[in-house]
Structures are given as C-alpha cells and as structure tokens.
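If you want the building blocks of each chain, they are given just below.
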Amino acid sequence: MIPALALVAGVALGLVFEPVVPLWLQPYLPIAVVAALDAMFGGIRARLDGIFDAKVFVVSFVSNVLVAALIVFLGDKLGVGAQLSTGVVVVLGIRIFGNAAAIRRHLFRA
Amino acid sequence: MKGKGEHAEGAPDPMVRRALELRGDEHTSHRPRIGNMSTSLLIELFTDHLDSGYAAAARREKDESPKARRRTTAILAAGLLLLGFVLAIAYRATLRQAPDSERVRQALVQDVRDGSALSDSLQRRAQQLSGQLSRQRDAALTASRDGDRAAAEVRRLEEAAAQRAVHGPGVAVVVGDASGTDQVDPNTGQRVPVSVDDNGRIQDRDLQSLVNALWAAGAEAVSVGGQRLAPTTTIRGAGEAILVDLRPVQSPYTLAAVGDPATLLPRFADSEAARRFQSYTGLYGIQFTVRAAKDVRLPAATDPDLRYASPVPPPTTVSTPGSAPAPRPSGGGR
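As they're listed, the protein sequences go chains H and A. With the working numbering applied, the first sequence covers 1 to 110. With the working numbering applied, the second sequence covers 1 to 334.
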C-alpha cells in the first residue's frame with residue numbers, strides 16, 4: 001500500500017514540479033525510461049514468481065538506469081552514441097518482452 | 001508438441017540438441033557451457049529475462065522481523081518514488097519536445113472549438129428568445145380581429161422564411177466523404193486524420209445539388225447538418241470546409257427534409273442527383289444513404305439581419321387616453 005502511494009507520489013511530483021531536465025541530460029532520458037521499465041517488469045514478474053525482493057528491485061532499477069546512461073555517455077564520447085543507444089534499447093527491450101511474456105503466462109495461463 | 005521428444009532423440013543437428021537441452025533445465029542456475037561465448041550470451045539474452053539477483057535473494061533466508069519488514073517497505077517506497085518521478089519527467093520532457101508548430105496547431109484547434117461552442121450556445125439562446133418573442137407577439141395580436149389577421153400573415157411569412165421550427169414526416173439523407181485513414185502522429189501519439197483525395201470529398205456544390213433535388217421533390221423545409229435553410233441561406237465552400245449559413249458543417253452531412261412522405265422519398269430517390277450520388281458510392285467510396293423518417297425536427301433558421309426596420313422609439317409625450325397621437329410608423333427609417 002505504502003509503495004503504491006509512493007509510486008503515485010513520484011508521478012505527481014514529476015508532473016507538478018515539472019523539473020526542467022538540463023540539456024546535457026536529455027539524451028539519457030529515453031534510455032533511463034527503458035531501463036526503468038525493464039526494472040519494473042522484472043519486479044512484477046519476480047513478484048508473480050514469488051521471489052520478489054525489494055532491495056534487489058531498487059538496486060537493479062538504479063543500477064540499470066546508471067549503467068544504461070553510462071554506456072550511452074561513453075558512446076557519445078567515442079562517437080558511437082547512437083549505436084550504443086540502439087544496443088541498450090534492444091537488450092532491455094528483449095528483456096522487457098520476455099518478462100512481459102512471463103507475466104502474461106502467470107496472469108492468463110496462456 | 002509430441003514431436004519434441006522424438007526430435008530430441010534423433011536430432012542430428014547438434015544445435016537443435018543443445019537448444020532442447022537448454023530448454024529442459026531452464027530453471028537451474030547453472031547451464032552447460034556450450035560453444036563459444038557469443039552464442040551463450042545470445043541464448044542467455046533470450047532465455048534469462050529475470051535479474052538473477054531475485055533468485056539469489058530468494059535462496060538467502062529471509063529476515064522476517066518487523067524492523068526488517070519496515071526497512072524493506074521503505075526501500076521499496078523510495079525506489080518506486082524514484083521510478084514514478086523518472087517516468088513523469090520523461091513524459092513531461094517528451095511533451096515539451098513536441099514541435100512548436102504542432103502545439104500551435106492544437107491551441108488553434110482548441111480556440112476554434114471554444115469559439116464554436118460559444119457560438120452554439122448563443123445561437124440556442126437566440127432561438128429560445130425568438131420563440132418567446134413570437135409567442136408573446138401572437139398573444140398580443142390575437143386580442144383583436146385585425147391583429148388576428150396580421151398574426152396569420154406573420155405566421156405565413158415566417159414559415160416561408162424558415163423562421164419557425166417545424167417537425168413532421170420526411171426523409172433523412174446522409175452523405176459523407178470517402179473514409180480516410182487515421183495516422184498516429186509520431187511526436188504526440190495522437191491520431192491525426194489524413195485527408196482523403198479530392199475525388200472522395202463532398203464539395204459544396206454536391207450539397208447544393210442534393211438540396212435542390214430535395215426542394216424539387218417537394219420538400220417543405222430542409223436542413224443541412226442541423227442548419228435550417230432559409231430562402232437566403234448559402235451553402236458554399238471555404239477551403240476544405242463547407243459553410244451552411246456561414247457556419248461550418250462536417251462530414252458526414254445529414255440533410256433532413258420535411259415533406260409529404262408519400263411523394264417526397266420516391267421523387268427524391270428518382271431524382272438525377274440522387275442517382276448520381278448512388279453511383280458515386282461505388283466509384284469513389286463516398287457515403288450516401290436515404291431513408292424515410294417518421295418525425296423530422298428542424299430548428300428555425302437564424303434570424304435575418306434587419307435591414308430596414310429600426311426599433312420603435314419610446315413614447316416621448318405623455319399620451320392621454322382617447323386623444324392618443326397616431327403611432328409613428330415604424331420601419332423605413334433609413
């Protein structure tokens with residue numbers, strides 16, 4: 001219950017305060033979102049599998065976002081930022097799809 | 001699925017065997033190392049979607065004390081707060097990055113909608129007031145015989161000028177553009193209708209010819225898109241929009257007509273315009289249906305602008321009964 005409220009509060013904070021994302025941070029935002037979605041779907045699946053662990057969830061979320069941003073940052077410096085972004089999105093996208101499929105199997109038995 | 005086992009036994013291809021082997025023990029943490037690094041990485045990518053940390057944490061025994069539980073909740077709440085925050089600012093940033101032209105367009109569309117809503121409500125108010133006016137006038141006129149005659153004359157003229165709401169049996173004709181397709185705008189994610197090509201679009205003269213056919217078939221009153229047609233009403237195109245009495249109407253256009261049900265429908269259906277549109281449905285995919293309606297309700301047309309009449313000036317002299325001065329003729333002032 002409290003975590004759900006925290007999620008709502010987070011969304012509300014983001015919408016109400018409308019923090020201006022600095023320009024240098026903007027390329028990482030989509031990657032951060034994909035990483036966050038990956039952590040989210042992973043967490044839901046783990047919950048359905050009965051092995052959810054809050055610490056693992058939070059740590060995986062934060063580290064996912066940071067690592068994804070780091071990869072893109074390095075790629076930008078090396079001049080292959082777009083390619084590395086694609087790589088990150090592909091890998092995380094596959095994981096999201098896989099976890100979503102597992103969730104679907106859990107929920108609908110199909 | 002019965003072929004799975006048979007294949008595993010007799011599969012000559014080592015790759016197939018390996019894949020089946022891998023699938024068999026999906027849940028063990030150790031998988032047999034196969035081939036070179038790249039294949040195993042790819043296979044892991046496609047089979048191991050869940051962070052292995054969850055499995056590891058599940059194997060550790062859990063600390064179930066209330067303190068630990070509270071800490072877990074706090075960690076989870078902080079993580080979810082962060083997650084929601086990231087999603088929300090990403091949403092905001094994406095919206096902000098939408099091209100300015102698109103935002104301006106949306107604002108203009110909103111302005112137009114607000115404006116036409118306001119105009120609609122004013123129109124309704126005007127209709128209500130003019131209904132009230134004619135009721136009061138009728139009440140005032142029916143006092144005397146002359147008044148009665150004048151009232152009947154006024155009613156006749158008003159009907160001819162489409163100043164009264166009418167209802168009765170008639171026909172309803174629906175004609176619409178050939179259906180276009182919607183496309184999703186890549187920036188805003190909203191569906192934007194893509195215009196159909198000009199051949200499938202109903203033009204102002206199409207509506208004109210249909211309306212003329214309705215009049216010719218004996219319609220007593222006609223409305224287009226809810227706008228009653230008065231003798232001076234125009235139907236004309238302005239860009240891609242069609243204006244009826246200077247108000248835009250949108251596809252599909254509904255033409256409603258009141259008339260003798262026995263003759264109106266067959267005569268209209270047999271008219272040249274109706275047959276032409278029937279053939280257009282096949283040719284250009286436009287929409288065209290004609291049906292009889294038991295009770296068509298048509299509103300009054302908008303009031304005509306008064307060109308010559310002017311308000312009666314308030315009486316300036318105190319009139320004494322019996323020797324009242326002749327009322328000044330109103331009208332023709334200018």
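Source of the hints: derived by calculation from the structure; they are not laboratory data. This structure is a prediction, so every number in the text was calculated from the model and none was measured. A few of these clues could be false.
Said to hold, decoys possible - Covered by chain A, according to a simulated footprint, are these stretches of chain H (three or more residues, beta-carbon under 8 Å):
no.: 1; region: 44-55
no.: 2; region: 66-77
Said to hold, decoys possible - Okay, the calculated beta carbon distance ranges per label pair:
no.: 3; chain 1: H; residue 1: Leu15; chain 2: A; residue 2: Ala309; range: 40 to 50 Å
no.: 4; chain 1: H; residue 1: Ile2; chain 2: A; residue 2: Asp114; range: 35 to 45 Å
no.: 5; chain 1: A; residue 1: Ala238; chain 2: H; residue 2: Ile94; range: 50 to 60 Å
no.: 6; chain 1: H; residue 1: Ile2; chain 2: A; residue 2: Arg291; range: 27 to 37 Å
no.: 7; chain 1: H; residue 1: Lys77; chain 2: A; residue 2: Gln110; range: 26 to 36 Å
no.: 8; chain 1: H; residue 1: Leu13; chain 2: A; residue 2: Ala238; range: 24 to 34 Å
no.: 9; chain 1: A; residue 1: Gln110; chain 2: H; residue 2: Val67; range: 54 to 64 Å
no.: 10; chain 1: H; residue 1: Phe97; chain 2: A; residue 2: Pro66; range: 32 to 42 Å
no.: 11; chain 1: H; residue 1: Ile94; chain 2: A; residue 2: Asp120; range: 44 to 54 Å
no.: 12; chain 1: A; residue 1: Pro169; chain 2: H; residue 2: Phe97; range: 54 to 64 Å
no.: 13; chain 1: H; residue 1: Val67; chain 2: A; residue 2: Val112; range: 24 to 34 Å
no.: 14; chain 1: A; residue 1: Val112; chain 2: H; residue 2: Lys77; range: 32 to 42 Å
no.: 15; chain 1: H; residue 1: Leu15; chain 2: A; residue 2: Gln110; range: 17 to 27 Å
Here a beta-carbon is modelled for each residue, glycine too, at the ideal position from N, C-alpha and C.
Right, here's what the structure says about each hint:
no.	hint	result
1	44-55	holds (count 9)
2	66-77	violated (count 0)
3	H:Leu15 / A:Ala309: 40 to 50 Å	violated (57 Å)
4	H:Ile2 / A:Asp114: 35 to 45 Å	holds (42 Å)
5	A:Ala238 / H:Ile94: 50 to 60 Å	holds (52 Å)
6	H:Ile2 / A:Arg291: 27 to 37 Å	violated (60 Å)
7	H:Lys77 / A:Gln110: 26 to 36 Å	violated (43 Å)
8	H:Leu13 / A:Ala238: 24 to 34 Å	violated (47 Å)
9	A:Gln110 / H:Val67: 54 to 64 Å	violated (42 Å)
10	H:Phe97 / A:Pro66: 32 to 42 Å	holds (38 Å)
11	H:Ile94 / A:Asp120: 44 to 54 Å	holds (52 Å)
12	A:Pro169 / H:Phe97: 54 to 64 Å	holds (60 Å)
13	H:Val67 / A:Val112: 24 to 34 Å	violated (48 Å)
14	A:Val112 / H:Lys77: 32 to 42 Å	violated (48 Å)
15	H:Leu15 / A:Gln110: 17 to 27 Å	holds (20 Å)
The earlier numbered hints that this structure contradicts are 2, 3, 6, 7, 8, 9, 13 and 14.
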